[in-house]
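Q: Now for the letters of each chain:
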Amino acid sequence: MRSARYSLAFVAAFAILLAACTGGQQTTGGGASPTPAAGKPVYGGTVTFGLENDVSDLDPMRSGLFVDRNIMYAMYDSLVRVDPKGNIIPWLAEKWETGSDGKTVTFTLRKDAKFHDGTTFDADAVKWNIDRYRTTQGSRRTADLAAVDSVNVVDSSTVRFNLKLAFAPLLAALVDRAGMMVSKAVHDAAGADFTLKPFKAGTGPFILTEAVKNDHYTLEKNPNWWGKDKDGNKLPYLEKIIVRPIVDDDVRLTNLRTGNVQVMNDIAGKDVPAVKTDPSLNYQEVGALAFNSMVPNEAPGFIFSEHRYVKAVAMALDRDELLQKGSQQGVGLVGWGPITPAHFAWDPNFKPWPKADPEGAKRLIAEVGRGPLKFELLVQSGSASTLQQAQLIQDQLKRADITADIKTQLFNDIVTLQQQKKHLGMTLVGWSGRLDPDGNTYDFVVTGSPNNDSSYSNAKVDELMKQQRAEPDPAKRKALLLEAQQIYVVDDPSRVWYSFEISPIISVKNLVGLEAHPDRIPRFHTGWLQK
Amino acid sequence: MTRYILRRLLLMVPVAFLVTIGVFVLVRLSPGDPVLVFAGEERDPAVLAAMRQELGLDQPMPAQYVAWVTRLAQGDLGRSFQTRQRVLEAITERLPATLELGLAALLISVTLALAVGILSAIKRNSVVDLLSTSVTLAGVSFPSFFLGIVLILLFAYVIPGRIFPPGGYVPFTQDAGDNLRRLVLPALTLATASLAINLRQVRSSLLDVFGQDYMRTARAKGLREGTVIVRHALKNALIPVVTLIGIQIGAIIEGAFITETIFFWPGIGRLAVTAIPSGDYPVVQGVVLVSALSFMLTTLLVDLLYAWLDPRISYEKVGA
Amino acid sequence: MSGATLPVALHLRQADRATAIRYFARRNPRMLIGGAMVLTWLLLALLAPFIAPYDPIKVNVSGALQPPSGIHFLGTDDLGRDVFSRVLWGSRVSLSVGVISVSIGFLVGVTLGLAAGYLGGTFDLLVMRAIDALLAFPALVLAIAITAALGPQIQNAMIAIGIVAVPAYARLTRGQVLSVRAREFIVAARTIGCSPLRIVLRHIFPNVTNALIVQATLSTAFAILAEAALSFLGLGPQPPDPSWGQDVNYSQRYLPNLKWWMSVGPGVAIFTAVFAFNFLGDALRDALDPRLRRSA
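Residue numbers (my numbering), protein chains in the order written: chain A, 151 to 681; chain B, 534 to 853; chain C, 74 to 369.
Worth flagging that the hints you see were computed from the coordinates, not collected in a lab. Keep in mind that the hints are not guaranteed to be accurate.
Claimed, not checked - Covered stretches of chain C, as calculated for chain B (at least 3 residues, CB under 8 Å):
| hint | stretch |
| --- | --- |
| 1 | 222–234 |
| 2 | 255–264 |
| 3 | 347–360 |
A virtual CB, placed ideally from N, CA and C, is assigned to each residue, including glycine.
Please model the entire structure based on the sequences and the hints provided.
A: Written as structure tokens, this is what we have:
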């Protein structure tokens, strides 16, 4: 919708990025149609958004939870954004240019954006924000911006990022919290309250005016927002958004059905078929950036230091059955690696084991020659759907004579064991996904990286992954990413990947104009209520 | 009396001290590092170290305990790791929901227990008596989470019209009718177990009183049976019932953990149950401590009430 | 519990008890019924491998979520496992948790109670304050906290439930010890030079057994219920082992789809097993506790 307005105008400036994004759009079939033609948008109305959990922090610098971003996307603008197809689009930055050596990026900023408190948004604001994210102790954005060496204000609407090294994934990081712009005046005045009550702190389509912990958050329309729809009408249409955390899936859905809530973006797999056919609801979905995996401990002394065992497990899994009958209940896609259909580097033909191969797994284990494979599978206690999933995996592995002993532990204990690399066998852990495939891969497979909980190390993979980071040409980058994937998934496996998630958005019938995005975050500025 | 109260309160101090140690040790025994959970997908060691420092988790265990108890003495339960909300605030916020549920359950169980208990004591060994004793035993034996599920099944999916919704909470101030409708099933679930115990207590203490000399005297004086029961028997039999009501604070706190979980009731029990797996120490410590202390205080209160009601009890012979 | 003046009298008391039981079994069929119900569950648990029609952990996803039928009496769960077979096998977990945790509570509680009552002084004071601290927590909350702290495994659930049961035994025993300690036969035993251990075991302990038997039966009922509750919260046995509480929890999410049978099988099993022990305990109390015999 709104992306159409920009995508032609700036083709030249970010041809690289557009090209980078042509690969990946795929949905799981039925129900993925965008909101049908709904007539001419009308202004006004209040929408209640049932969020899956309470937010932890509304300061983009400190936030560490997915839920936070659902509110942030309405109140803050970031330098760039992403459209439903995964293309990076201009936002507060109207255009940008990467230097020939890849070590500078120059952004040209909008001149009509203002913070909710009335202060101006300009290059100084960008520098202050980026420097705050980069240099504040305890900032959670340092990793996103690690490649940035300094930020220069060229003039009031031009700002230049000087990089330590060419870093292709930087722009994708600026889509999210690392690129969100906060009013310095509000930040300084709010002090410690800024984390949960950053009132009037953004430039976005809605203004945060009320925050009652565990109860609700109120976002009111920003009448001075810069965005316009394709007919030139001012956005947003909605008058008010109330965000209400409702943790339980069943309760949230009941609230949607009874009209207490008009929109939500999280649903249990088992409820999807009913929701898709419910005439009073709109259901949309799009392939997500998230993957599900089993994390072996490959450190010396542990069973899976023998990588052929990891491969045997990967071969023995019946991914179709797991997707259909496991916790996802058919809602998602089977997968073999970390790069999802929503990424530009997605390779639809990468299916190393299109069918479960228990016999092949048996042969591989026999080849190792240390008798039957038996390992401990750590599963979060108290989560019925995870337990069901684990028991199904256990049964599938049994078909290849592999014994997976399920051991339930508190979530916190599993996370700790895994990150300290002390888990005996495997854990079941997913990743919420990042826009750039680098965020789904690098830290998981490169030697010594923070998310490399399997203690995986492969010199060739390290080299390929470093090369792709510096590679400005998307086609070449994709080739490098896929070459590495073949190694760390098949030839010398680091983990067992088995499925991808989908990102749904479910609303009442008369709330239209919202589009599902791979990151699952609703963009309220295009939504409106039919009379 | 004052001396007795003072002594009881003084005796509570070492116990409360032991309780704080118990709570702290229990919560900290788990091997997990909560920072890893609250950091979400953040894995930068510098960030994790900063968080650990901010939360005081970089200190040795005894120092953490001392810090906790010191703040505790000033009425500060600390902040939730996850939400950074003050734990005291988180608890007081959820207390109304828990209290509403608990009081409703208490009301149901005490009224029913009195009515049925009196009836079955009067008509001893009758069909009513037999029925009520069997139901009593069944009630104690029924797992509350299963009862909750049966009720949800019945009212939400079998009996048409969804008279009572299967869960969720709406504040009374927001929609009183909806609030009460949603209260029915969890309150019934929570009431059942204590109803059974109450009923048994009412019945047996009435029977006990019936056998006493003053009852015979009252009857011999020619008083009407109804007057005898109300004026003499019931008044005396109520003493242990009062005790029971007090003790039920424990049952309610306990039941809250499970009943609130099944019915998605946003009370303190659910607060703790959701905080356990993620290792939100301050919240778990806070809830367990508050429930233990309120349990201790009500037990004391009931003891005092009991002593006041029944002059035969000596104030001096307490403890060991 | 009165009358005995010399150690010899104890044998008479035991005979007394046997007579009382027989008398009440005839007079009061409740004990027989209760005993029969308990015995039935014990037999079912013992014979589960022979009676259960299916392997309780055999996954068969193509036959998942089938309603009860002649083939699957109680239907199948979401992995296609036979609910009836899981209920039968689950009894082994529940009953063994009941027995083991009550044994823990019994042994620790009685030992502490005997020691505290007999020794008195500082030891008594310390033990009783610790018991008070345990009693300061609502029982189930304490069991949840201990299991969560030790790790969500069945052995830890047993330990937790056992610890929670300790105060009842300790207080009961200590109270009895205090009341008999000054009696003539103890004083007599002491003067003829019996060792303290012998006095405690031979002369004091038998005086508490009636009350302890009742307490043990009733706390087995509590233990089964508590195990179910812990498992329900995910703090019980490891999957895929069948466990009643866990299976009820597991099935809860299918309620909106009206797959009720997954909950009802294990739920009814918990209820009947707990009911059996409560029923028996109640009957025993009436039979063995003369004070209650009058009023009940």
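Q: Is the coverage entry for the stretch 222–234 of chain C by chain B consistent with the three-residue Cβ rule at 8 Å?
A: holds (count 3)
Q: Using a Cβ cutoff of 8 Å, are there at least 3 residues of the stretch 347–360 of chain C near chain B, or does the coverage claim fail?
A: holds (count 5)
Q: Do three or more residues of the stretch 255–264 of chain C come closer than 8 Å to chain B, measuring C-beta to C-beta?
A: violated (count 0)
Violation of the numbered hints given earlier is confined to hint 2; every other hint is satisfied by the structure.
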